[in-house]
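Chemist: Protein sequences, first through last, are from chains F and A. Residues in the first sequence are numbered consecutively from 1, following our numbering. Residues in the second sequence are numbered consecutively from 1, following our numbering.
Rather than coming from a laboratory, the hints here were simulated on the basis of the structure. Source: prediction; values computed, not measured. For every residue, glycine included, the Cβ atom is placed at its ideal position computed from N, Cα and C. Take these hints with a grain of salt, some might be off.
Unchecked claim - Some chain A residues close to chain F (C-beta under 10 angstroms, calculated; not the full set):
| id | residue |
| --- | --- |
| 1 | Y136 |
| 2 | Y444 |
| 3 | P448 |
| 4 | V456 |
| 5 | L458 |
| 6 | V459 |
| 7 | A509 |
| 8 | I511 |
| 9 | S515 |
| 10 | E537 |
| 11 | Q541 |
| 12 | V545 |
| 13 | D560 |
| 14 | C572 |
Stated by the list, open to error - Cross-link-like lysine-lysine pairs, in silico, BS3-like; alpha carbons within 25 angstroms at most:
| id | chain 1 | residue 1 | chain 2 | residue 2 |
| --- | --- | --- | --- | --- |
| 15 | A | K235 | A | K300 |
| 16 | A | K240 | A | K308 |
| 17 | A | K462 | A | K283 |
| 18 | A | K213 | A | K109 |
| 19 | A | K108 | A | K590 |
| 20 | A | K14 | F | K12 |
| 21 | A | K384 | F | K7 |
| 22 | A | K452 | F | K5 |
| 23 | A | K590 | A | K92 |
| 24 | F | K5 | F | K70 |
| 25 | A | K452 | F | K7 |
| 26 | A | K462 | A | K109 |
| 27 | A | K316 | A | K240 |
| 28 | A | K213 | A | K92 |
| 29 | A | K452 | F | K12 |
| 30 | F | K160 | A | K420 |
| 31 | A | K436 | F | K5 |
| 32 | F | K51 | A | K452 |
| 33 | A | K590 | A | K96 |
| 34 | A | K359 | A | K326 |
| 35 | A | K240 | A | K300 |
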Amino acid sequence: MSYIKPKFRHPKLPTNALGYTVADYDGAISTLCAGCGHDSISAAIRNACFKSSLPPHRIAKVSGIGCSSKMPTYFLSRSHGFNSVHGRMPSVATGASLANRDLTYIGVSGDGDTASIGMGQFVHLIRRNVNMTYIVANNGCYGLTKGQDSATADRGSVAKGGAVNPFDGIDLASLAILEGASFVARSFSGDKEQLEPLIRAAMAHNGFAFIDVVSPCVTFNNHAGSTKSYAATRDHLDAMPVDFVPMRDEIRTQYAEGTTKDVTLHDGSVIHLHKASADYDANDRRGALNAVQEAEEQGRILTGLLFLDPNTQNLAVNLNLASRPLNELGKDELCPGSKVLKSINEGLR
Amino acid sequence: MKPTNTEDPEYFHKVVDCQFACPAHTPVPEYIRLIAQERYSDAYMINWESNVFPGVLGRTCDRPCEPACRRGRVEEEPVAICRLKRVAADFKDDVKHMMPKAGAPNGKKIALIGAGPASLTVARDLAPLGYELHLYDAQAKGGGFMRSEIPSFRLPEEVLDEEVGYVLDMGVHATFNTYIDSLQSILDKNYDAVFIGCGAPRGRDLPKLPGRKEADKNIHIGLDWLANVAFEHTKKIGTKVIVLGGGNTAMDCCRTSRRLGGEDVKVIVRSPFEDMKASPWEKEDAIHEGIPIIDNHVPKEFVVENGKLVGMTFEKVEAKYDADGKRSLVPTGEDPAFFECDDVLIAIGQENAFPWIEKSTGVRFTSWGTPIINDDETFQSTRKDVFFGGDAAFGPSNIITAVAHGHKAAVSIDLFCQGKNLEKRPAPTVSLKSQKMGIHEWSYDSVPVDDKREAVPLVDLKKALADRALEVELGFDAQTAFVQAERCLNCDVQTVFTTENCIECDACADICPTSCISFVENADEPELRARLLVPAENPEQDIFVSDDLKTGKVLVKDEDVCLHCGLCAERCPTAAWDMQRFLYSMTKAKPDMMEVQA
């Protein structure tokens, strides 16, 4: 198996506003199974960061444990990264995002890491509205331990060994909407045309942005009877197309004028929702919940931008933290000395 | 676009850029892999089957393969294909036993006029089929142009003798030192077919230039002069030499002059330096030996004083190009330039001449003096039993082209002698074999290496200039040859796609280092080319289009900068991609001449 990606690149690779090519956002060669949906998500993240002209060294990747959490190795090798304990990535992300508010945080997790062992941390991350993008590579099984059903496996889905799942799956997107997330989307690893703009919009969003990505496990959950195989997902997809235009670009989108509904983000970036999904009101939390539930009842998978509150306030604002984050404060500011302590104490007498 | 038909062998053939560009379609990556495996004899035989003179061509080929090499499109320099060929010839063991023997006589007699590369190729291809071959040449030894016009500091005589010998030893009846002055006399001998591969031997002169007659003693036609040097009739030249012309012959003339007493040797050429016909490396070699190349100078006059040549005057010109790109050399109006010299070598081209072919034979010629030939596949002349090839067919070209002509003419002669239709030619031999060794393993070195091209080491310049027969290039040693061989991208290991297996997981498009693969909506070709991840802007390279996939999209692969690294196939979960070795062998009179196990 090749463990080296050749150095040669297409001599005419386009460059972004920073003069980088997409290759500057590459990571190491993947050790996941050939055809793993996760690799497609890695490529979508890479492409999204390239297209949004984010400097790689201003991005931090955080993850937990599992196939999904190996992913950060396979994109953005010039970025910061922290591979944390199983299900505990939210704590690390929370701390990091408060200590350094200038980085773009990309959390990558899986259905096990988020919906089982990490569930407690996950809901609090949502509740606190930590400024980050949180992507779940959701394959409905524990691929790393040979494909047992995970907590997101759909009721009735047949495992590779033939067992039929008797439990309802946890729907992470519904949960995120319910828990008050300010940006909730769902997508499919095999639909980069939708996934890439969603990741770009999530990274531009000033708050917690959650994307649940159906990402087939090609080895243990891609057979007939599985509800999260490539074929089943494609058959049941209700995709709402999206496009994303960052603040610095003139308005230019893959959709013709008049066929879209626009949502403007805090930084002036614009999310274009295609007409096919224009009837859908992404700013209505209850409506979003209904739409997701209805689709599920019909056996459909609704993908696209499900809910967005563009004017949300993130954790740092809600906690009323100092305007300068921790990493910018020096020793003298953090420990102003006994004189200042004395004066504070005096003020309390 | 319609789905690509990869059943047509020409599609994959075109992907192997080097082999496609080679007139004789030598399977380059195949023999380069064998060199890397230190299987030099096998590498030699793969070459020998295709181009008959690997040792000669490994030193002197015009190498159309190298500008075509894909490596040159992803980094600065192509693979050193030509010099690797020499490695195979240098390091091989005795290969005689691997060569076919003359076949049992089939009762047909063929005359071959001229013992150059074209005739020798016809002989090599026909001998195993049992033809009785009669070869005629005016010189004392076989090789033709390869012997008389290529100086021995580029091509040692032993190398040529060995490779000419391999052909002659296949039972060829050679008659040397015999100039054929009448085609009729040959036809009278009742040959079943006659092949004319006598070359285009006459160098062009400047007969009307003032002073030409007066200075005749010190003016030489380049090709004749080189032949005289080769046969040691000429051993010296004046101190100051002007070489007129900008082709490879001019380069051979100037470098040979440096070895025969020429100290102030100049090449003076009419065209701009960039337009010169000489290969870039030949120009570099001349400049390396201290020979200035003065361009944009048109010869005006040979200046003679007291009955002796003292120099030449030239008109200075500049090249102007009209809208069609047609060049004209316009005088700049400056004063004519004068250059001193003792001798002038004229190397401004060659002319065909067939004074020995009688009109009554029915062989007819164009107004350009070249024979009228059926087409560049059959090489049949206006007289059905007479065939042409090499420089004699279409005018001056190069050795590898002559060899290619020879292969085709041999097929024609074989068909002709069997009374078959010459147009119904056998198909090329092709094979396509999977290189899969395990789940993610290939039988070839799939990872492209980063090593740069290295120049071939040269002998000390002083030594080289002191000895005309001393070969200048030393050739690669085995270690360098290995590194240089590993630079080959194995373009003959094809990416073979099976639409039915594809689940559109994008893994191949994501991993492809050179972004060759896209899943897109189909469109007509220009639109489709523009839609790809990186637009396919090289129209000389095809794009592969799959059948419709389940989502209605198609998979498109731009062949242009594919590294053949196999990562698409490694990352494919359903083996929709496979790496398969494609071996293409051009149509030859005897297709199963030999087999080398890969």
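Chemist: It remains to establish, for every hint, whether it holds in the given structure.
Modeler: Consistency of the hints with the structure:
no.	hint	result
1	Y136	violated (52 angstroms)
2	Y444	violated (12 angstroms)
3	P448	holds (5 angstroms)
4	V456	violated (24 angstroms)
5	L458	violated (30 angstroms)
6	V459	violated (35 angstroms)
7	A509	holds (8 angstroms)
8	I511	holds (8 angstroms)
9	S515	holds (5 angstroms)
10	E537	holds (7 angstroms)
11	Q541	violated (12 angstroms)
12	V545	violated (19 angstroms)
13	D560	holds (8 angstroms)
14	C572	holds (6 angstroms)
15	K235(A) to K300(A)	violated (29 angstroms)
16	K240(A) to K308(A)	holds (14 angstroms)
17	K462(A) to K283(A)	holds (19 angstroms)
18	K213(A) to K109(A)	violated (47 angstroms)
19	K108(A) to K590(A)	holds (16 angstroms)
20	K14(A) to K12(F)	holds (22 angstroms)
21	K384(A) to K7(F)	violated (56 angstroms)
22	K452(A) to K5(F)	holds (18 angstroms)
23	K590(A) to K92(A)	holds (24 angstroms)
24	K5(F) to K70(F)	holds (18 angstroms)
25	K452(A) to K7(F)	holds (13 angstroms)
26	K462(A) to K109(A)	violated (51 angstroms)
27	K316(A) to K240(A)	holds (21 angstroms)
28	K213(A) to K92(A)	violated (51 angstroms)
29	K452(A) to K12(F)	holds (21 angstroms)
30	K160(F) to K420(A)	violated (62 angstroms)
31	K436(A) to K5(F)	holds (19 angstroms)
32	K51(F) to K452(A)	violated (32 angstroms)
33	K590(A) to K96(A)	holds (18 angstroms)
34	K359(A) to K326(A)	violated (36 angstroms)
35	K240(A) to K300(A)	holds (18 angstroms)
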